[in-house]
Amino acid sequence: MKKQLYIKLSIVTTIVVTMLFSCESNLNDVQQIGILQNQPIGEAKNINLKYTEAEDSIGKVIANLESPKMLDYSNRGFSFSEFPDGVRLSLYDENNQKNVVLADYAIVYNATDLIDLQGNVILITPQKDSLFAEQLYYDQKREWLFSNLPVRLKSATANNGNGDIFDSDTKFKNYTILEGKGDMILKD
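At position 38 of the sequence shown (counting the first as 1) the number is 38 in my numbering, and the numbers step up by one without a gap.
Among the hints, a few may not be true.
[Stated by the list, open to error] Cβ pair distances, simulated, as ranges:
1. S79 to K154: 18 to 26 Å
2. S155 to S79: 18 to 26 Å
3. T52 to I122: 38 to 46 Å
[Said to hold, decoys possible] Here are the simulated lysine-lysine pairs, BS3-like style, with alpha carbons at most 25 Å apart:
4. K98 to K173
5. K69 to K98
6. K98 to K171
7. K45 to K69
8. K154 to K98
9. K69 to K50
10. K171 to K50
11. K50 to K141
12. K171 to K154
Derived by calculation from the structure, the hints in this document are not laboratory data.
It should be emphasised that the depicted structure is a prediction, and the values quoted were computed from it without experimental measurement.
Glycine included, C-beta positions come from ideal geometry on N, C-alpha and C.
Modelling step: build the complete structure from the supplied sequences, incorporating the hints.
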């Protein structure tokens, strides 16, 4: 009787210990899943992304994004790509002239086609006009640039200006710079 009780107790103890170790392993696996979801699903180096528009079945390049590093977070509910080492974004007009935007950091939000350019943002036009900002957004669908942070325009062709709000087409032909006081600089 005592021997039977000892055997049953040994079996129960073995089962309980086994279950505890297997639960700990599952807990570690669950914790790892959480960590992986916060990590990028992919990483690319020296990328060169071209955005094209169909024109007589030939893709015309309308934008080109270059960066030394891209992190892919398409495993997130609101997926995005991050460019932690900066970007060079070239925006082409119908005459194949380009405006170039440089930034220290960028995020491309896949669902909205919005590019958030941050840190020492500089926009340079073919006419040698330059716009300086800490943050600038590029709406790829509407081909539009905008910011609600201070900007400074240094122009070779128009008046220089400063403002708190910037709004422009990607060709930089129709832009608006507004100051907090409501003053406006408008170029046609």
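Okay, which hints does this one fail, numbers in order? 1, 2, 3
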